[in-house]
Structure formats: structure tokens, C-alpha cells
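K.L.:
Spelled out, the chains give:
Protein chains: 4
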Amino acid sequence: MPGEHARIMVSGADRSGIVAAVSRVLNEQGGNITALDQHSTDAEGGRFFQRAEFHLPELSERRAALEAALEHTLRPLNMTWRLAEAGSRARVAILASRADHCLMDLLWREQRGELATETTMVISNHTDLAAQVGNFGVPFHHVPVTRETKAEAEAAQLELLRGQVDLVVLARYMQILSGNFLQAVGVPVINIHHSFLPAFMGAGPYQRAKERGVKLIGATAHYVTEDLDEGPIIEQDVERVTHAYSATDLARTGADIERRVLARAVAWHAEDRVFVDGNRTVVFA
Amino acid sequence: MPGEHARIMVSGADRSGIVAAVSRVLNEQGGNITALDQHSTDAEGGRFFQRAEFHLPELSERRAALEAALEHTLRPLNMTWRLAEAGSRARVAILASRADHCLMDLLWREQRGELATETTMVISNHTDLAAQVGNFGVPFHHVPVTRETKAEAEAAQLELLRGQVDLVVLARYMQILSGNFLQAVGVPVINIHHSFLPAFMGAGPYQRAKERGVKLIGATAHYVTEDLDEGPIIEQDVERVTHAYSATDLARTGADIERRVLARAVAWHAEDRVFVDGNRTVVFA
Amino acid sequence: MPGEHARIMVSGADRSGIVAAVSRVLNEQGGNITALDQHSTDAEGGRFFQRAEFHLPELSERRAALEAALEHTLRPLNMTWRLAEAGSRARVAILASRADHCLMDLLWREQRGELATETTMVISNHTDLAAQVGNFGVPFHHVPVTRETKAEAEAAQLELLRGQVDLVVLARYMQILSGNFLQAVGVPVINIHHSFLPAFMGAGPYQRAKERGVKLIGATAHYVTEDLDEGPIIEQDVERVTHAYSATDLARTGADIERRVLARAVAWHAEDRVFVDGNRTVVFA
Amino acid sequence: MPGEHARIMVSGADRSGIVAAVSRVLNEQGGNITALDQHSTDAEGGRFFQRAEFHLPELSERRAALEAALEHTLRPLNMTWRLAEAGSRARVAILASRADHCLMDLLWREQRGELATETTMVISNHTDLAAQVGNFGVPFHHVPVTRETKAEAEAAQLELLRGQVDLVVLARYMQILSGNFLQAVGVPVINIHHSFLPAFMGAGPYQRAKERGVKLIGATAHYVTEDLDEGPIIEQDVERVTHAYSATDLARTGADIERRVLARAVAWHAEDRVFVDGNRTVVFA
Chain A
1 MPGEHARIMV SGADRSGIVA AVSRVLNEQG GNITALDQHS TDAEGGRFFQ
51 RAEFHLPELS ERRAALEAAL EHTLRPLNMT WRLAEAGSRA RVAILASRAD
101 HCLMDLLWRE QRGELATETT MVISNHTDLA AQVGNFGVPF HHVPVTRETK
151 AEAEAAQLEL LRGQVDLVVL ARYMQILSGN FLQAVGVPVI NIHHSFLPAF
201 MGAGPYQRAK ERGVKLIGAT AHYVTEDLDE GPIIEQDVER VTHAYSATDL
251 ARTGADIERR VLARAVAWHA EDRVFVDGNR TVVFA
Chain P
1 MPGEHARIMV SGADRSGIVA AVSRVLNEQG GNITALDQHS TDAEGGRFFQ
51 RAEFHLPELS ERRAALEAAL EHTLRPLNMT WRLAEAGSRA RVAILASRAD
101 HCLMDLLWRE QRGELATETT MVISNHTDLA AQVGNFGVPF HHVPVTRETK
151 AEAEAAQLEL LRGQVDLVVL ARYMQILSGN FLQAVGVPVI NIHHSFLPAF
201 MGAGPYQRAK ERGVKLIGAT AHYVTEDLDE GPIIEQDVER VTHAYSATDL
251 ARTGADIERR VLARAVAWHA EDRVFVDGNR TVVFA
Chain Y
1 MPGEHARIMV SGADRSGIVA AVSRVLNEQG GNITALDQHS TDAEGGRFFQ
51 RAEFHLPELS ERRAALEAAL EHTLRPLNMT WRLAEAGSRA RVAILASRAD
101 HCLMDLLWRE QRGELATETT MVISNHTDLA AQVGNFGVPF HHVPVTRETK
151 AEAEAAQLEL LRGQVDLVVL ARYMQILSGN FLQAVGVPVI NIHHSFLPAF
201 MGAGPYQRAK ERGVKLIGAT AHYVTEDLDE GPIIEQDVER VTHAYSATDL
251 ARTGADIERR VLARAVAWHA EDRVFVDGNR TVVFA
Chain E
1 MPGEHARIMV SGADRSGIVA AVSRVLNEQG GNITALDQHS TDAEGGRFFQ
51 RAEFHLPELS ERRAALEAAL EHTLRPLNMT WRLAEAGSRA RVAILASRAD
101 HCLMDLLWRE QRGELATETT MVISNHTDLA AQVGNFGVPF HHVPVTRETK
151 AEAEAAQLEL LRGQVDLVVL ARYMQILSGN FLQAVGVPVI NIHHSFLPAF
201 MGAGPYQRAK ERGVKLIGAT AHYVTEDLDE GPIIEQDVER VTHAYSATDL
251 ARTGADIERR VLARAVAWHA EDRVFVDGNR TVVFA
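Chains as they are written, first to last, in full-length UniProt numbering: chain A, 1 to 285; chain P, 1 to 285; chain Y, 1 to 285; chain E, 1 to 285.
Next up, chain A with everything else stripped away, as it sits in the complex (with noise of 0.2 Å):
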């Protein structure tokens, strides 16, 4: 049963028996670790990462015994960390603009029951997809954005997230949000942008691949900071391309390739399979 399955999400910097304090008191306390992955980014001083998923009958009676055993055990080796039921959903904000493809495969990937996301609005500086976006029964929000308004957009894109949403969702947003969006946002943001990274930075990678004349086009997930392009990679993906590809060729083929590397991403990050280690990401998928 769902209710009876959990994740448990740790990291901090490495020491001696981690794994061994976590594991300890999920057994004490009736759970059965079913799959496990952790990572030490060096044997020596370096940063822990751990992912374990585990069995507790009853789980809902006995969580908050395990979650206090939990903050007993690893507050004192100052360690971070979270449990999530393993039938949880984050609650996610969409921002987009006027391309529908990311939007769209998101939205019907969570329809499908593929991702574990709960989609609670769409804002868009647009309103194009505004009926795309009612077919799934999603709420639309209309926030249009100019250089001059720019301030109050994102205040009125903060006030319509405030305590709404565990994660935002750049799907081809044709904004760039500002550091104070950011720090005020307080949730996680992810961004899909349409090259491989660090080819193509910036705007107008598709007609720059053309130029060049690359084999290959791209795209990359990552969260976003405020170094614009620069946050921590949550995943990649190419196609092949040729000489034959036109310019609209090569936007297709990123389409395709942007949908589904960000559906993976946000998949991953609602599983809480993504951990961030300063500017790189430890990806257990």
C-alpha cells in the first residue's frame, strides 16, 4: 500500500556512520529499506548525499515516533534531512509564455500519473495557451509582463505562489526573473533551456547551431540561479542533426528534445531524486 511506503533524503558533509545512524533507526522503528543510493563526493572531507526508500507498515502512526527518532539521531552530526510518503506530490507553479510544447507534456504526463506533481497554476505572460491549459482543468493566471512592469509582475507572480507551491517550473518562460524574485520565491526553480550547456549560451541557440554547423543539438534542465544559465545541471539530452536540418528542423527537433528533458527533471526533482552540491547536482535516477 502507498501509505506504507517512504524516502528518506539526507545529506551534509561526510563523516563516519551516516548511513549507519539512518539505517539503525529505520530498522528500530519497522522499516525495511528497499532501495538505496549514496554518494560521497570524497573519502575524505567531502559532502553525503543519500536517497533510501523503505517499507513501514502503519507508517502514518508511527511517523512522527520515526521523525523524531530521525532529528534525535542525525541533529547532533548535523546533517539535513526530509521524509516524504512515497505517494506525495509537490505542488507546482508553470510558467510559460507562448510555446506550448514543455507546457503541454507536463501537464499530460501528470494527467497520466507519470510524475509525482500536482500542477496548481499556469502563469503566463500571454494568454495564447489559455485554453490548452483549461482542457486539463488547470487554473490560468494572466500576469503580462513589459520592462517597465517587470516589478510589479513579479510581485503579483509572487503574491498568486506564496505558500501555493514546493516547486516552479520555467516551461520556454521568455522572461528572466530577477534575484529578488528568486530569494523571495523560496521554493525551488527549474529552468529548461534550449541548447546544450555551455554551448550556445544565451539567446538564439538554434540558429547559432546552424551556423556552425554542429552534429548534434541540445538541451539542459538546471535549476535557476542568478547567473543566468549557469545553475546547478539536473539533466541533458542531444538529438542528431545535418546539413539538411532548416532552421525550423532544428526547432523542432530541440522541441522534442526540451519537453522531454525537462519532464525527467521535474520528475526527478518530485521524487527527490536531485540533491544540489554547490553549483552540480548528485541525480540518483
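Don't read these hints as lab results, they were simulated from the structure.
Wrong hints could be hidden among the right ones.
Treat identical chains as interchangeable: a pair holds within one or across any two.
Stated by the list, open to error - Think about it this way: if two alpha-carbon atoms lie no more than 25 Å apart in a straight line, the pair counts; the simulated SDA-like pairs of lysine to any residue are: (1) K210 / D229; (2) K210 / A84; (3) K210 / T253; (4) K150 / M121.
Remember, it's a predicted structure, so these values are computed and weren't measured experimentally.
Assemble the complex: chain A is given as a structure, and chains P, Y and E must be docked to it using the hints.
P.N.:
Leaving out everything else, chains P, Y and E in the frame of chain A:
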């Protein structure tokens, strides 16, 4: 230092507390886990598989005590376990016939230090590859095989292998090993099959792939069992082909896939990343 | 301008001079070849396949003369040929059951302008997908099928299809079409098979892939013939899976492969890039 | 028979009638086109590229007449053209330093008959690879290079190369060739760059890939121009990596990609499948 790094592999019928037990022992003995993969096939009543890398200063002095503690802990749990130092190398015999691509690739990768193997001998039913093997300083044994002499040939092979190897690799060896041989050899045997199993089982897969007009061809590395083409699959890969590929083109493309699939399978096996689970494998790669 | 671009497809028993004959006629009629693919299956006695894109100002006025000249030239050579304007779209009927992924992806790509198709109807033996299809403004016909009513159902389908479509696409349609239907329908039928043929032919391929422990799963788009799972393969693709994938994970991964393989096959067919060569295809993609 | 098969490559400013003109001449001279690829970069005012394979009995006797007819036809159209017999092999010099993987793979593929090349010499600024090259029976020349002696070293290299080769391959050659050398050498030079250009141009790409946390690493084969890392790209490929890859793992994975990307580029060049189009390539592969 290599002498301070090791790994432990544990498997058996799943039950609560195994991760906790192993990590407690490692911790008590001064070890720090730096990478851990664990998989149970079911939440209840499944099979348990774990591989953990750890760092333990003065490992050589402490190894006996560690092993005693592990045995004391894991025997009552009915777990199979094994310890290997990070620098250890599997002693390998490669069996080949006339095709050189898989054999050369393994010898060359070992020479570069890419494989945790030490090829102690090559046995072939032909002499074609003697000089190429000699260039690597590896002993080459010619054991001819005919339908009539198969039993004697296998006896001669077993005589060469006895106590000398931890693994036998069939690198496009074109003879079928008997059930008697497989039982007598006492170590795992890895084969590379020149198709994407279970498509095109048996002989002539490239010709049959051409006739069927498939758009991808592949190769499969698997442990050998008495059921030909049916042993646990370790690794598979494919490559795209077109209508324009001749039978020769298919065989060349196939050779590339074969050598890289076999090299991956041998590398993972030698690093104790592959666990046999009935007729399947669990690969922590 | 689109109206000035067209393509010509030529096929037949190979003989000298066909490329010269076709290109001479195009040149005499004012056309400029901008892309040409040609393949003969053998240097002598093979079959000939050619697809050429060309630019011809005032194509609509000159088309009749061009076609007369082509017929005059190619009929004596026993060649089959066909002309299509670059902007032309194949009229398509999609047959589906309950699974939506392939159907939705085709409708969505067509809406985006990625496919040279015009889906004129969706026919399903269930009503589950009626609303989703309706969102795209495409007529949805419910034709239930039971073992007893199969003949009448096929008759009803044929009645709907007659003269209305250039292509039938089976988008995870879970009924087997009779030989009578295939003969009567008079247009090509493309199916998506949820495995990498010829592995796992027949039913339940994901479960069987799980049981066999394969490391890649795939999908195959093929023209439908009376021999189930045996028609000419248009496109195949695979994705990597691991021991950790549940049957549900395999089915989800498989759905992703299925929709992109089918979309590619339909796109290529609609652009006249696929030629049938006995039980195989020549694909100029 | 090989002596009856040949190919013709044609390129130049696009204009109507070139395909017709070439195929007419081939037909008149008794040739039968068995494979043809043609690409124009634009419908009007673009550049034209064509490669055609044909079968022509008694080619050696008829070659002079065929060439005369082609010249008579194509010179007035300002086309560049070249004829090559199917069995012809490009004479190649490989320049290497200490890394052996690309060099060995090329020599090994040539020995197997996979490449239409004949490596006439290996030139290295180190002696490490002399024995390995000697095993293949290929002359090895040691030309040391220091900052002070670079001009003399290049003169010595040019002396070795003059009139002896059709292609120079830089197989992880760690010296930058001067503009003077590139002008004097008079044949194409192919380089393998150990990253997915234009990401990580310059030195240390694997270390930088590790620092940036990319999820794929790649390699690029390109023609060498005076702008380092900027010549026309022939082929690229990538492989998936994870957070668990050490710098050594990345370099090993990279070596695999490098050798297969370079091998493909050399194979395609030797079969006249690559056309330079400004700073890009047209590859009929």
C-alpha cells in the same frame, strides 16, 4: 591510497535490518562508506542486493577483524557476502576463435588500466591471433576443437584454467561449451552474443537482421548457462542502421557494438557491480 | 513559396538512365532539383528508388505539362512515379482504443504544423478519448467491436474511411484487422508495435521484457500486412532500462518510445520518404 | 567487381540542370547510378553538392572518355568535380603524441579493412608509441617539437609529407600547427577535439566538464583551420556521465567517444562523403 579502499557485496533473501547491520559493522571497524547501492526486488519477500564502497585506514591490518565481524553479523541473517580491495584485479581467461575485435579491445583496455582485470591467458581454437596476443605479453594457448575432439579439448582447457582464473570471457568464441565444462570450470563465464537478444537468437543474426529490415542492430553480453542465448543479461546496446547497409556494413557496425558491450560487462563484473538474480541481473553501474 | 516546391518519387526494377531521364524532364520543364536521394538494391538486377525535391516557378500552371512529360518518359521504363506538392497533406484516420499517448502526440504535432497530415477522423472502439479528441476539433467516431460483431464493425469503419483518407494509423488500436479489411481499405496502414521487433512479438511485451531482464526496451512502427507483427519496418527506437524499473516504469518508458517512433514514421510517410521494398523499407530520412 | 564501381563528387554554385547533366553523361558512357545524394543549400542562389555511386563495366578502359565527357559538360557550368574508383584508398599520415587510443583504433580499423585508407606514416613528437605502431608495419617518424624548434619541426614534417599523403589526421596530437604549415601541407587536416564543440573550447575540457557538472560529454572531429577549434565540424558524439564519474572516468569515457568520432570522420572523408561548405560540412553518410 588504494590500500585503504574496499567494497563489500551482500545478497540474500530480503529481511529488515541488513543495511543497518552491515553499516554498523563497517562503522565500528573504522570504515566510512563513500558509495552505496542497494536494491530489493520486492517490499516484502524479495531478494536483497547491496554493494558498498568504503574507506578504512590501515585496511590490511584490520581486514581480518572486519571479516570476522561481518561473518559474525551476516551469517545469522543468511546473507552471502564478499569483501574486495579497491585495487584487486580479477584473473581472466579469454577464449577466442578468429575474430579479433572483442579480444583486442579487452587486452588494450586492460593495458590502459581501464579494467580491473589481469588476463592470464588467451585460449583459441585457431592460431590466427597468436601474434596479436603476443604483442600484449599475454600467454596464448592453441587448443583445437573438432566435433570428435570436443571432450578432450574441453578437458585441456579446464586443465589450463584450473585455479588460474576468476572469470572466463568468450570473446566471439565460436564453440558451444558443454554443460560439463560449465559445471567444472567453477567461475562465471561471460559471452558476447552478436544480436539484441531475444531477437535473432542463434546463428547468422546480421543476415537475418538484414532480411527482416530492422532499423537498429545490437549486441548482448550475458552470463553463460546451459541454455544457449538464455543466460542472465548483463548489458546490451544498439546502433542505428539503414537500408543502405550491406551485410558487411552490418557486421562492422555490429563488431563495434559487440566490443563496447563486452568491455562494459567485463568492467562491471570485475568491479563487482553485477549480481545474478535468477535469470536476470542487478547491475549497480 | 510553397506552391513552387514539389517532390517526385520514382521506383521500379533498376535499369540504366532513370536518374538521367527524370532529371532531364525536370530541367526541361524549368525545375531545379534541391535535394535528391537515390538507392538501388543491387548494382545489377536490383530495385530502384528515388525521391527528389525540386523548385519550379509557376508550378500550378506547369504541372499538367510536367506530368505529361514524366509519363511519356517513365512509362516506357516501367517505372512507378508520383508527384506531390511540398505543401500537400495526407488525409489520415487514426484508430485508437483506450491508450491516449500515441493519439495525443499525433494530434498535437499536427496542430503545431510538424506533420504533413490532416487528421480527418479518429475511430475508436471505446469512448474514453472522445473529449480529448474533441479538444483538437477532430471528428470522433465510436465503433464498438466484439468478437461477434467484428465483421460489421469493420464494415462500418470502411464506410467511414471510403474515399476520405490516404493513410490509416493504428495508434495503440487493440484490435486485429482482418485480411478483408486490409484489402478493402485501399490505403497504407501504419501500426505501432510496443516492442523492438522481432523480440517479444505478440502480446505482453513489457512483462516479457521484465521477465527476460533486458537492458533496453523499444518500439517498432511498421506497415500492416496480414502477417501480424511481420510487415515492413519503418522505424524503431529503444531506451535504456534497469533492474529497478517496475512493470509500470517499463510501460511508461515504452509509451514515450512508442509515441516518438510512430510520430517519426507518420511524418516520413506523409513526406513520401518511405518506399516499400518487399518486406522491408527504404527510408530517405 | 570493384574495378567496375566508382563515384563522382560534384560541387559549386547551384544552378538548374546539374543533376541532369551529370546523369546524362554517366548514362551515355554506360554507367548505372546505384546511389545518389544531392543537396542544395537554398532553392535559389545556394550551393550545390552531389555524390553519386555508379556501376560501369570496363571502367578502366572507359575512364578517360568518361572524364573527358564530364569535363566537357561540367566546366561550362563552373562545377568542381572529381572521380574516384570504389577500391581507391586515401594515403594518410597520422600525427600523434603520447595518447594511443585514437591512433590504435585507426590502425586497427584499417588493418581490418574498415577504412578506405592506407596509412603511410605516423609522425610523433614522442617515441612512446613507436613499438605499437611498428606492430602494424607502419613507418614511425619521431619529430620532436619544442617552442624553439617548432619551425624546423614543421619543416621536417612537411618534408616527410610532401607528395606522400592525401590526408593528415591529428590523433590527439598535442601541438598546434601553424598557419604556414596548414597552407604548405596542401591536403586536408582532420583533428579530434576532446569536447562537444563549441562547449569547452580550448584546454582541459574534461576537468571543466566535471566542474560544470554536465550530464553528457562529447568529442568533435573537424577540419583544421587557422582558427583553433573553429574549423568545419565533420562529426560529433556524446555519452552520458553522472556525478559519480571521477576525472579519470570522464577521460576514459571521453577516449571512447574520441576514437569512434574520429574513426567515423576519417571513414567518411576517405569515401568522399564529406563536402566543405564554408565553415560547415555537408555529410552524405
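K.L.:
Evaluate each hint against the coordinates.
P.N.:
For each hint, the structure was consulted:
When the C-alpha separation of K210 and D229 is checked against a cutoff of 25 Å, the pair qualifies both within a copy, at 20 Å, and between copies, at 17 Å. Neither within a single protomer nor between protomers do K210 and A84 lie at most 25 Å apart by alpha-carbon distance, with minima of 45 Å and 28 Å respectively. Taking the closest pair of Cα atoms, K210 and T253 come within 25 Å of each other only inside a single copy of the chain (13 Å); across copies the shortest separation is 27 Å, beyond that limit. In this homomeric assembly, K150 and M121 come within 25 Å of each other (Cα to Cα) only inside a single copy, at 20 Å, whereas the closest approach across copies is 45 Å.
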